[in-house]
Structures are given as structure tokens and as C-alpha cells.
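Trainee: Chains as they are written, first to last, in our numbering: chain A, 1 to 103; chain B, 1 to 103.
Treat the hints as calculated values from the structure; they're not laboratory data. Be aware that one or more of the hints could be misleading.
Given that identical chains are not distinguished, each listed pair holds provided it fits within a single copy or across any two copies.
[Stated by the list, open to error] Below, a list of computed lysine-lysine pairs in the BS3-like style, where the Cα atoms sit at most 30 Å apart:
(1) K57 / K40
(2) K40 / K20
(3) K25 / K63
(4) K65 / K20
(5) K63 / K20
Note that the structure is predicted; figures quoted are calculated from it, not measured.
Protein chains: 2
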Amino acid sequence: VLVTLGLFLASPVNAAGDAKAGRQKALMCQGCHGLDGLSKQPDAPHIAGQPVLYFVKAINEYKAKSRRHEQMSIVAESLSEADIADLAAYYGAITVSVELPAR
Amino acid sequence: VLVTLGLFLASPVNAAGDAKAGRQKALMCQGCHGLDGLSKQPDAPHIAGQPVLYFVKAINEYKAKSRRHEQMSIVAESLSEADIADLAAYYGAITVSVELPAR
Chain A
1 VLVTLGLFLA SPVNAAGDAK AGRQKALMCQ GCHGLDGLSK QPDAPHIAGQ PVLYFVKAIN
61 EYKAKSRRHE QMSIVAESLS EADIADLAAY YGAITVSVEL PAR
Chain B
1 VLVTLGLFLA SPVNAAGDAK AGRQKALMCQ GCHGLDGLSK QPDAPHIAGQ PVLYFVKAIN
61 EYKAKSRRHE QMSIVAESLS EADIADLAAY YGAITVSVEL PAR
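Looking at chain A on its own, in the form it has when it is part of the complex (with noise of 0.2 Å):
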């Protein structure tokens, strides 16, 4: 079984970031997500295709100290509205498909 989505997901709100914009500032990301949003580290999420109302709302809760993770509080501190817009664009018009484990 194979689903795609992504950009179908993301279209709708993707007009407050720029994707390209986020690509850039994806690099202090890419440790741990990559530039593909697969994770690196087996404590880190994949983040590629995620919907940009879930980003947005996850970066802002770890700025606000209601989601705790040592090395993403810092990081999100860093980021202004318009850093947040441009990364959930970028990370939000990866294409995720999915192929399920044999029954």
C-alpha cells in the first residue's frame, strides 16, 4: 500500500512561509531531522511532511516550555514567527510516502 501526501497537506497554510527561505535555515536542523525531515537520531521525530499547524504549534509549545527536550528549547528560542513559517513550509512541502508492514 502505497499513500503520498505533503504538499497536498500543507498547501493550504503554506502561504505565510517560504519554503526555499526554510530550506536555508533547515541546515542547523539537519543533525538530528535531516534535510529530508527523516530523523537521525533515535530520539528525534521524522518531521518531513508534517501538517504546518502541528509544526508550528510544536516549535511554539517547546518556546513556551509546555513540551520540554533539552537541545529543542534552545533551538526554538532561536527562531523568530517568520523562521517557524519558513521551516514548517519547507519541511511541510516534503512528499512522505508510506508502504505498511506485510499483515
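Based on the hints, put chain B in the right spot on chain A.
Mentor: Frame of chain A, contents of chain B only:
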């Protein structure tokens, strides 16, 4: 650019969970996250292929109320350690591929 992952990242920790049992338990998750692990709601993340360590940590944060979401707090409260391991194994066994946006 196509990258494939999922089983690879998940397998070292999977021993604890039963992916087939997890698939059954995932029926309660599908309204928001799909049986395919792809978000069905703008404020719900994709959870397909998430590293098992991250997945288990996230659910336990909801359980401990150090991470908050109205619906997830209720769901997490209802899950045993075995349920969480099985769900982590199932969603972690989904293979994720990504395609980057044109630059």
C-alpha cells in the same frame, strides 16, 4: 531524492513490541493518524516510521502530562506499557520515503 527508512531505524528496539498486535490496537489511532501513520487532521502529526524510542517517549510524556493535548492525554492514559510497545512496533515498521521539493 528518495530515501527509505523505517524498519531500519525501528528494528533494534522492536523486540519489546509486537507489530501485529500493534496494528489491531492502532484502530483507535486511525481517525487522526491513519492506519498508515499519515496525519488525517491538521493538528495531528504523521507517526509513520517514527523511531521507537521517540514514539514511546512521546506517549509517556502525554501520560505524565508533561506534554499536553486534549485527546492524546485521554488516549495515553488508557494505554499499558505493552500497548505502547506494540503501537511503537507497528508504526515504526511502516517504511517511509520522502521526495524533496524542487529547489
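Trainee: None of the hints should be skipped; say for each whether it holds.
Mentor: Hints, one by one, checked against the model:
no., hint, verdict
1, K57 / K40, "both (22 Å within a copy, 16 Å between copies)"
2, K40 / K20, "both (22 Å within a copy, 26 Å between copies)"
3, K25 / K63, "within (17 Å within a copy, 33 Å between copies)"
4, K65 / K20, "within (28 Å within a copy, 36 Å between copies)"
5, K63 / K20, "within (23 Å within a copy, 37 Å between copies)"
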